[in-house]
Each structure stands twice: as C-alpha cells, then as structure tokens.
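**Q** Please build the complete structure, drawing on both the sequences and the hints.
As a plain string of letters, each chain reads:
There are 10 protein chains.
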Amino acid sequence: MLFLARMDVHFPESMTQEVMADYQAREKAYSGDLQSRGIMKAIWRVVGEYANYSIFDVNDHDELHSILGGFPMFKYMDVKITPLAKHPNALEYYLFD
Amino acid sequence: MLFLARMDVHFPESMTQEVMADYQAREKAYSGDLQSRGIMKAIWRVVGEYANYSIFDVNDHDELHSILGGFPMFKYMDVKITPLAKHPNALEYYLFD
Amino acid sequence: MLFLARMDVHFPESMTQEVMADYQAREKAYSGDLQSRGIMKAIWRVVGEYANYSIFDVNDHDELHSILGGFPMFKYMDVKITPLAKHPNALEYYLFD
Amino acid sequence: MLFLARMDVHFPESMTQEVMADYQAREKAYSGDLQSRGIMKAIWRVVGEYANYSIFDVNDHDELHSILGGFPMFKYMDVKITPLAKHPNALEYYLFD
Amino acid sequence: MLFLARMDVHFPESMTQEVMADYQAREKAYSGDLQSRGIMKAIWRVVGEYANYSIFDVNDHDELHSILGGFPMFKYMDVKITPLAKHPNALEYYLFD
Amino acid sequence: MLFLARMDVHFPESMTQEVMADYQAREKAYSGDLQSRGIMKAIWRVVGEYANYSIFDVNDHDELHSILGGFPMFKYMDVKITPLAKHPNALEYYLFD
Amino acid sequence: MLFLARMDVHFPESMTQEVMADYQAREKAYSGDLQSRGIMKAIWRVVGEYANYSIFDVNDHDELHSILGGFPMFKYMDVKITPLAKHPNALEYYLFD
Amino acid sequence: MLFLARMDVHFPESMTQEVMADYQAREKAYSGDLQSRGIMKAIWRVVGEYANYSIFDVNDHDELHSILGGFPMFKYMDVKITPLAKHPNALEYYLFD
Amino acid sequence: MLFLARMDVHFPESMTQEVMADYQAREKAYSGDLQSRGIMKAIWRVVGEYANYSIFDVNDHDELHSILGGFPMFKYMDVKITPLAKHPNALEYYLFD
Amino acid sequence: MLFLARMDVHFPESMTQEVMADYQAREKAYSGDLQSRGIMKAIWRVVGEYANYSIFDVNDHDELHSILGGFPMFKYMDVKITPLAKHPNALEYYLFD
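Protein chains in written order, with numbering that gives the first Met the number 0: chain A, 0 to 96; chain B, 0 to 96; chain C, 0 to 96; chain D, 0 to 96; chain E, 0 to 96; chain F, 0 to 96; chain G, 0 to 96; chain H, 0 to 96; chain I, 0 to 96; chain J, 0 to 96.
Please keep in mind that the hints were generated in silico from the structure rather than gathered at the bench.
Wrong hints could be hidden among the right ones.
[Claimed, not checked] Taking lysine-lysine pairs in the BS3-like style, the calculated list, with each CA pair at most 27 Å apart, reads: (1) I:Lys40 x J:Lys74; (2) B:Lys74 x C:Lys40; (3) A:Lys74 x C:Lys85; (4) A:Lys79 x E:Lys74; (5) B:Lys79 x I:Lys40; (6) C:Lys79 x A:Lys74; (7) D:Lys40 x E:Lys74; (8) E:Lys79 x F:Lys79; (9) J:Lys79 x B:Lys40; (10) F:Lys27 x E:Lys40.
[Unchecked claim] Stretch-level coverage of chain J by chain B, calculated; a stretch enters the list once three of its residues show a Cβ under 8 Å from a Cβ in chain B: (11) 33-40; (12) 72-84.
Beta carbons are placed, not taken as given, at the ideal position from N, Cα and C, and that holds for glycine.
**A** Structure (structure tokens):
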C-alpha cells in the first residue's frame, strides 16, 4: 500500500552543530536503507523548507508506524500521512510494485 | 522541474450525470495524454476523497499553468502546487528525467 | 488494517424529503451490509452534528476507496480518514481481527 | 456514555530519556488499568504521530475529567474529546455496555 | 451532565419570510419547552451574530443528540458541543441539578 | 452585562510544583471572591483540558479587563471573551441580575 | 462601552442591481442615523474588500445586538465584535464619551 | 493615511519583573509621544488580552514601518495592520486630518 | 506607496461563457490601462489557480480602494492587500518611482 | 522562472545583540549579492513585521532551494514560495528576463 508522507523538521535552538550533523548522518543512512529495500519509493525536498514529501510502500499500518518511528530524527519531525489508492485515470499504479 | 499537485474536484449540484460523465471522459483522455508524454509522471487517488495527488515534470511555470488550465474539469478543481527539489538523502532524483 | 473515518453529510437545500429519505434508506442498507461483513467495525453519531466516526478494517487502500466511494451519499459527504496502528499500551488490537 | 478522545503528546526537549521512560511506564500501567476496568474501551496509535485515538465509556463528565487528568503524562498532552451517540445505521451500540 | 452548545443558523437565500417566521415560531416553542423541562438550562444570543450559546443538562449522549436533532431549524444550524465538568474553583456546580 | 469567557492555562515547563500550587491556591481564592460578589456567575471545567468556560456579569469593559487582568495566573492564560445578550427564545435572562 | 466591529458583506448572485441599490441606500441612512446619534462613533472601509471596521459606543449588549440586527443588510453580513477597554498608555479614552 | 493595527505582546517567561516594567515604561513614553504628535490617533485595550487595537495616520509605508519597528517592545509583539479608507456611509473621515 | 495584492476569482456556476468572456475582456482593458498609467506596476498569475499577485503604487488608501473596486470582476474577487515598505537589504526600492 | 517568496524571521530570545547583528550583516551581504546577480529581482519589507516578500528568478527548483538554504538566517526563517507565471492581462512579463 502507498502512503504520501510530509515530514517537517524542527531542531531545538540548543542543539549543537555536531549533534545536528550526527542526526543528519544517521537519518541519511536510515533513509537510504529504506529506499534500497523498496519501502521508501521516493523522497523530495520541499523547496525553501526543512521538509520533505515522500512515498512509502508498506504492508500494513503497524509496519509503517514502526518505520516512521524509527527515523533517527523522528522526535523532531511533524509527520502527516495520506493514504493513496490507484487513480482511475492512471496509466499505471505509480511507484507501486 | 518537479511539482507535487493536489487537486480537489467540486461539481455543482445542478450538473447532470451525462455532463459529469462527459467531463470525466475528457479528463481521463487529457490525463492519459499527459502521462504518455512524460509530463504527468504520476497520479494517485486520495483515499475517501474526490481528489488526487500528482507529480508534474515541466520546463517552466508558464507551461505548467497552461497544462493545469487545460484540464477539462479545471473550473471545478481547487489546485495547490508545491515545487519539489532533489532531496539530499535521495538515492536518485525520483520521477525526474 | 484499521482506519478511523469521519464523515460529514451536507445535503443541498433543493433536495426533497422523498429523495433524502431514499438516500438515507440506501445508506442504511449499505452500511449494514458493511457491518455484517466485518468491514465496518463500528460507527457512531457525532453528537449534535450530521456526521459520524467509524472504523474500517480493510486489506488495502484500493478496497477502502472503493467502499467509501460506494456509499450512496458519497457525493454529499466530506470524508477524512486516519490510519490507525496498534498502540503500545493497548491490551489488545481493538476491533481488529 | 462514549467519548472519542484524541491525545497528542509533546515532551519538552529538556526531558531526559530516564524521565521519559518513567512517564511512559506509568502511562502504560495507568492505561492498562483503565482498559481492564472497562473504562477505556479501545486505544489506537495514529500512524506517524506521537498521538492516539481512544474510546472511553464513563458515567459522567466529572468522572471523565478525573480519569483524563489522572494520566501521568496529562500535562504533556493535548486532549480533545468528542461525545458519541448511537448511530441510526449501527447494527449494535459499538464498544458500549 | 452539562454541555455547552454553540449553534449558528444559516438560512438559504431562497427561503421566504413566511417560511422563516414559521421556523422561528416552532423553534421558540421547542426551545421554551426544553427550558421548562429543565433540559436547556440557559440560552444567550451571541452579540452581532445569528447564533446562540446554550447549556444543556441531559442524562446521556443519545438523549442530547435526539434533543438537538429535534430542533425545527436543526438542518440549518451548525452545532458544536463542549462537555463541561465541575470546576475545582467553583463554589457550586452551576446550572446543574 | 454578560460575557462568556474561555480561559486556557499554559504553565512553563520550568515552573516548580510549589510555585504552581501557590498560583492555583491564589487563583482559587480570587475566583471564589468573584463568585461570592456576583461578578463571576458561573465557571465550569472543559473536560480533558486545563481550561474553563465562565460567565461574567460586569458593568463595563474596563471593569471586566481589570478583573481578568487581576487573575493570579493571567500571564499564563489565553482568554477569549464573547459578549452575550438576551436570547429572544429565552424564558428568562439567565445568570443576569 | 466601546466595541470594534468588523462587518463583511456577501450578497447573493441572484440579487438584482435595483435590490442591491435599495439595500445600500437604506444601509446608508441607517448608518448615518447611528453616527448622528453618537452610537456609531466611526466607520472605515477595509481597502480592497466589501467590509468595514467600525466603533460602537453603547450602554449594554442588548442594545448593541438590537442595533446590529437592525442593519438593513444584516442578513448578508458576517459581524464579529471585539470589546475594547481604555488602554493604560492612552492619553485619552478615544471615541468614548 | 489610516491604518488599523492589532498588536499582541508575548514576553518570554525568563524576563524579570524589573525588565518588564522598564519595557512597559519606555513603551508608554513612546506611545504617548506618538499620540501627542498626531501619528497614533487612538489606542484601546482588547478586553482580556495583552493586546491593543490602534489607529495610525502616517504619510507612507516607510514611515509606518519605522514607527512600528521603533516600539521598545516591538520584538515581543505580533503586529498585523489593515489599511483603512473612507467609508461611503461615513459622515466624516474619522480620526483623519 | 506599494501594496502587494492577491486576487482570487470565483465566478458563479450560472454565468454563461459569453458573459464570462465579456467580463474578462473588460478586465483586461482595465488592467492594461492601470499598467500603462504606472498604477499597477506588475501582475503575475498564481500557477494552477484563477488568481494573481500584483503590485500597486498609489498615493493613498482611498485611491487604492477606488481602483480595486473599479475592476469589472471586483464582485467575483477575493482581494487581500499587504502594505510594502523599502527593505533594508534592498539595493533599490523595487517597482517604486 | 519566477517565484514569490515570503520569509518570516524568528530569532530565539537567547540570541545576543552581537550575534543578531552579525547574522543581519551577513544576510545583507548575501541578499545584495543575489540582487546584483539578477537572481533576487526584488525584495520588500512587510510593514509592521519582521518579514519580507521577494521575487526570485531561477533556472530550476534545485537552484532555488540551494539559494534559499544558503541564507545566513535560513534556520530562523519560515519560507513559503509561490510559483508565478505570466498573467494574460500583463503588458510585459514583469521582473523576468
């Protein structure tokens, strides 16, 4: 099943550059792994914002919550998800296996 | 360039089933053509709503507005677009040629 | 998978009492069938509003959209769905088979 | 009487992991007790968010406020409740004794 | 149990003065009866708006929804209710028997 | 003149239990005095929230602002007031002397 | 007592120019009378909108609601009022007798 | 030219009473000077809130921004301005020289 | 003085293509004249919406309201204006004479 | 391609005047450079707010995000961008080369 996610990141003012860089490195590794495994089918930057839109393909809600909750920066993210279905006008079921 | 679009459709109560079906048929043909030409890279149904999320890949804003304004149902749609850029954690530039 | 849905109904002023009663009768039959089949696990009235909260248990998003779109009053409803997962503090996975 | 509650948790940045874990352990015990006693009839995780939807069955508003205010994490929660009634299309009065 | 209700009235433009007056007369009778029976404990006009705040004392949610749905003008009203409990600083449980 | 007030309290995370208890004790005394003097005609807890709805009967706006600004917890409260008038369907002018 | 009011006017599409002009003429007369009598202390146009901000000086809420409800265009207006008090930094109590 | 301004003040929790009193004293002097010079034509307290509505008469936008930015408490204020024009129903151009 | 305006157009469903085309032709002429006279300094289409952002340079608020109110499609437009001042980082006062 | 950007700045209370001044100096240099290079075509102050509206002319979204992310004060800014196209009523394509 496909989900569109929007994630907005808000780091606290008190976070040091080193801690922030560490979070970002772990986030990148985690995100890359999800992409390699075909769970995160796409991710884009929202222009001008510390935010992304991404597409997830998972088997159920418990798996999705576990994946989202596992993001290293999860506690600093506002996440909103939207369930997606096949569109009647779509030539194919995009990004869906 | 990539854009995420959300389109919500609101038909007037007075529209007959025949007129509605005609709009939907023309919309489907127009949408299919955009997909075939690689302009609309993806489209999904928002579950439970008469709405879609779609991804457009266009050369500039004038082309995008012309394409959106050309939808047969444009006058009955609320359209909101979000410019997308490559995400630093993305393994590839998804849906972008 | 479980989804919480909120549905708000807005009938047009021009609808006659007979047409409205017919919609409501067909809605009731459709809703009852979904409940009997274990797809709609629960439905409650929002006090003071022509609206409900309901719980759906479906296999995927396409099934859910098809079910929601099949409601006789779908064109008069605003539907918002929220994916639900098992809560870590829950003694059981409520309303989920 | 039934109430739908949505609770969103916001811990302060300064809270240590130990304090947080202690809050969560006490919350789990409190929640489990409410479920065992038939007061909290259901609880689910909102996918992607540190939030839940839950169903309460109480005798009156004073009891409900006392129960909600007794959550160990109450001061870190935004709670919104919605009174629920029996829906005319419901085959039974779900989660209500 | 006490509930605060806010009701906003929106009549359609096409309604004649006679129909409107008839609705208002029946509304007044219905409201007066609820007050006489101690169900509607208070009602005030929101200054400058076709709206009221009112206080209801009912036994349960099904009774309250039945009462609200019985207002002659219910289909033209937006109703929002807020459950009220005894305040710890209150010298008495106001408007509650 | 009658006003409906909604007050939401937000204490800072850094406030100690002792300071908080002191604020609450002074608030209770202040609130009790206003009730005894017939200025605060009613106060209820909003179920599930650190908030109240209350009814004030004052002579003018300067008196009301002075009273509200005098609450010991005023700097931690969001206050919204709504002027109330007699409702044409009211059997009496509730809570108004 | 002083109140700031914002009034937004929304005429239905079906209203003829003649009816609209008649409403506007009666509104102007009514407004002029309120100004002459010192009840409406000021009125300004919100630039770019069919709306005004105005200041009323009345004795109580019932008088204010009666005055606002008496506007010929009241049924086409959204009215929001804000009670005003003397500001501690004000050199005088502006527009207040 | 006239502008309606609404200013909401939010002081940080860490500010001492002395610093706050100093800000307020300087604010009062600054505000009084603007009133004496006919630039701030009026100011009122919003009842129940640490906020004001005020009327400014300035020659242009650069002057207005300079004046607003010069408020001692500017960094703690949310300011929203609304341009005002003469209303066609106004007997005079209120507060405008 | 400069103002940023956003205008959203909403035509009623009942308007014929001929009437719409006539409105649009008159709008174009009116808009072109404002541009030629240096009053409307710029106008752009909001991509995907029947809306524009535009920049006006006028002498005062009464002139601006008169100009905006004179748009042939004014009654079908939602207009929101934002006063602009010279930015301290600007190399010049853009679009300002 | 043209984009309208609105940027709102929120500095933390703990920032010293020296750090703030340094940010502002670097921001001014960065902004000036973008203007000199024809990338930022215009920038204005929003009257009464620590915010700007600005116009960017860039080749694609990745360039724009890189430019916006490069602002020295980016982490303290909320940025919202709106893609702009040529308006059919425009006499020229304003601020576009």
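**Q** Each of the hints needs a verdict: does it hold here or not?
**A** Here's how the hints hold up against the structure:
no.	hint	verdict
1	I:Lys40 x J:Lys74	violated (32 Å)
2	B:Lys74 x C:Lys40	violated (38 Å)
3	A:Lys74 x C:Lys85	holds (19 Å)
4	A:Lys79 x E:Lys74	violated (33 Å)
5	B:Lys79 x I:Lys40	holds (26 Å)
6	C:Lys79 x A:Lys74	holds (25 Å)
7	D:Lys40 x E:Lys74	violated (32 Å)
8	E:Lys79 x F:Lys79	holds (17 Å)
9	J:Lys79 x B:Lys40	holds (24 Å)
10	F:Lys27 x E:Lys40	holds (25 Å)
11	33-40	violated (count 0)
12	72-84	holds (count 4)
This entry does not satisfy hints 1, 2, 4, 7, 11, going by the numbered hints stated previously.
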